[in-house]
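Kindly generate the complete structure, drawing on both the sequences and the hints.
Protein chains in written order, with this note's numbering: chain A, 956 to 1322; chain B, 3 to 327.
In short, the hints are calculated from the structure, not lab data.
Label pairs and their calculated CB-CB ranges:
{"#": "1", "chain 1": "B", "residue 1": "181", "chain 2": "A", "residue 2": "1284", "range": "55 to 65 Å"}
{"#": "2", "chain 1": "B", "residue 1": "49", "chain 2": "A", "residue 2": "1093", "range": "29 to 39 Å"}
{"#": "3", "chain 1": "B", "residue 1": "49", "chain 2": "A", "residue 2": "1273", "range": "52 to 62 Å"}
{"#": "4", "chain 1": "A", "residue 1": "1112", "chain 2": "B", "residue 2": "181", "range": "37 to 47 Å"}
{"#": "5", "chain 1": "A", "residue 1": "1074", "chain 2": "B", "residue 2": "60", "range": "38 to 48 Å"}
{"#": "6", "chain 1": "A", "residue 1": "1044", "chain 2": "B", "residue 2": "128", "range": "43 to 53 Å"}
{"#": "7", "chain 1": "B", "residue 1": "167", "chain 2": "A", "residue 2": "1205", "range": "24 to 34 Å"}
{"#": "8", "chain 1": "A", "residue 1": "1284", "chain 2": "B", "residue 2": "307", "range": "54 to 64 Å"}
{"#": "9", "chain 1": "A", "residue 1": "1300", "chain 2": "B", "residue 2": "269", "range": "19 to 29 Å"}
{"#": "10", "chain 1": "B", "residue 1": "60", "chain 2": "A", "residue 2": "1161", "range": "25 to 35 Å"}
Taking lysine-lysine pairs in the BS3-like style, the calculated list, with each CA pair at most 30 Å apart, reads:
{"#": "11", "chain 1": "A", "residue 1": "1161", "chain 2": "A", "residue 2": "1229"}
{"#": "12", "chain 1": "A", "residue 1": "1308", "chain 2": "B", "residue 2": "110"}
{"#": "13", "chain 1": "B", "residue 1": "110", "chain 2": "A", "residue 2": "1114"}
{"#": "14", "chain 1": "A", "residue 1": "1273", "chain 2": "B", "residue 2": "110"}
{"#": "15", "chain 1": "B", "residue 1": "110", "chain 2": "A", "residue 2": "1073"}
Here a beta-carbon is modelled for each residue, glycine too, at the ideal position from N, C-alpha and C.
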Amino acid sequence: MFNQETLDKYSPLDNKVYQLMDDDGIPLSKSWKPSISKEQIMQAYKDLLFERTADFMAISYQRQGRMFTYPPNLGQEAIHIAAGMVMQENDWLVPAFRELGAWLAKGVSLREIFLYFKGNEDGSRFEKANRVLPVAVPIASQLVHAVGLGYAMNYQQEKAAVFAFVGDGGTSEGDFHEALNFAAVWNAPVVFIIQNNQFAISVPLKMQTKSINLAIKGIAYAVPSIVVDGNDLFAMQEVLAFARKHAIEGKGPMLIEARTFRMGAHTTSDDPTKYRTKDEEEEWALKDPLKRIKGYITAKKLMDFSGEEAMVKEFKKKIDLEFEAAEKHPEYPLDDVFAYMYQDMPSELKRQKNAYENYLQNKGGDQ
Amino acid sequence: MKVMNMVQAINNAMDTMLAEDKSIVVYGEDVGVEGGVFRVTEGLQGKHGAERVFDSPLAESAIAGTALGMAIAGLKPIIEMQFDGFSYPAFNQILSHIARFRNRTRGKFTVPAVIRIPYGGGINALEHHSESPEAYFGHTPGLKVVIPSTPYDAKGLLIAAIEDPDPVIFMEPKRIYRAIKQEVPEEKYSIPIGKARVVNSGEQLTIIAYGAMIREAQKAIVMAKQKGWSVELIDLRSIWPIDRDTIRESVRKTGRVLIVTEASQSYGPAAELISIVNEEAFLSLEAPPTRLTGFDTVIPLPLGEKYYIISPERIFYEIEKLIRY
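Printed below as a string of structure tokens:
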């Protein structure tokens, strides 16, 4: 199991990837045992399958013109599911925008996620989720928020960690470096997770950085850093669980480069055939996270997958219900454009809203 | 009551609020041990502890962005951008997140933070130390932009800003930090944000200004008085929200208006104010609403600043033109 000794012996400069299973889900070491129970493993498999199904459904809703631009998660789900297993109720989740399984684990509803990508801020209310920040579109800007949350956790003497996500492209942004530096100086309990999916939209990693990996960027800031196989659910779970413990024990931040591949498009508006090859995609398909966890379960004879089709069918029904609920969400009222800018609506906003209402009234139409 | 300059009044406001509310933290570059390059936070770390008043690493984007994180978690951060020209690296955090987090999350997460920015010219400073960027913030939905012109107002407005549930950009006209002394109550008081102050009542012309320009306008008004002209002076106190009622009432009475800002002209606060005058008092106007602003140039280094910074004589010159129009 990943522990302090593993971390002490590890250096990102050696450019090694922390990995526990091979591409078929067979443990690399005979002596290794999972630190999670059989039930947790099965649940993780189901959650991963659910995320993947919901993601496929989201893309199809978008294709049907029922939803706007959406960023697919295919291939990166093990990172999200592992984070979901590790995060506790009082931990903070600071997402970028491609962490579907992690949002769901924190209690964000699919209805809300669909509603957000259908174009309504009501989808960021996260009514039943505790301590989840909304999607952050300006790249890496969310990482400094995570550090501020971390400072507050220390100040309020709360034993809670902050899980902050960024992509590989985000490591070129100033906010990434400012966040690591501030987190280290303030000893903030932040777990930084880079989802290195090899491309920032169309730009490959080799054009993003000359560094041999992304974890080495943590060394300069004295942030313990590690490269992990992001498609290996066990490796991700172990490292994240360790990083959480490290954070809440007052040992400060960690930086985790989760190495993965975005099997789908950047968003539904993107066409990956323009910038990557079939070979690359096929090579990474062999490392698929769902295939690997199923390989492990099969090898250990934990269950058979004869019920999978029926389970997916059930998932689809549930997902459709969530989407229908998002579609039934009340019409976006004019009030909502103005109501949330300030706690008390300033007279200038009232004036502008009234002017628009007068226009509607005089025109006798809706817009 | 104690006689204070603006630096002391702002320090006293933070001291008062730090003592009252444990969720308040004050940080930025050099604000801890040194007490800030202008000594505005002097003594606060010694009194309230280094966990509450502290030096952060030198990165304005992170200073602003971490304030958002702290605010969401229940703290009330007061951060300092050391100089106007150093606020730009924080602009993305202020515009893309701080100003809109309430709206994005439909009120679930709010950012009751105060961003203090010493601003403006006239202190013989280095490059990037003399700017008037208030229009950028006034143009940004979700912010309030407060600018005091006296020690008394500075304390009352800063306390209101700290207690405000929304983010407030608090711009401190550094040129008058120590220029004006005034009796300031030592106890807590606040001045509502969005209510202008009529500094001087008059009948023939209205000057609208804020910050360091109030003192210059007052000097010009003394010169006008010697000519027998009666000029009203409005100190906006905040450039967003803008107090339309006070502007309307004044310009409907005087029929003439001069806006004075140190900020450069195009798309600046004066343009906004003239639009408001046109909307509210068009039929009362007896002369074109006029603006006297900084040039659309970079503010010159100290030896050239005399051309850029608006003097009482230039204000008087515009008053005379408008009165004789």
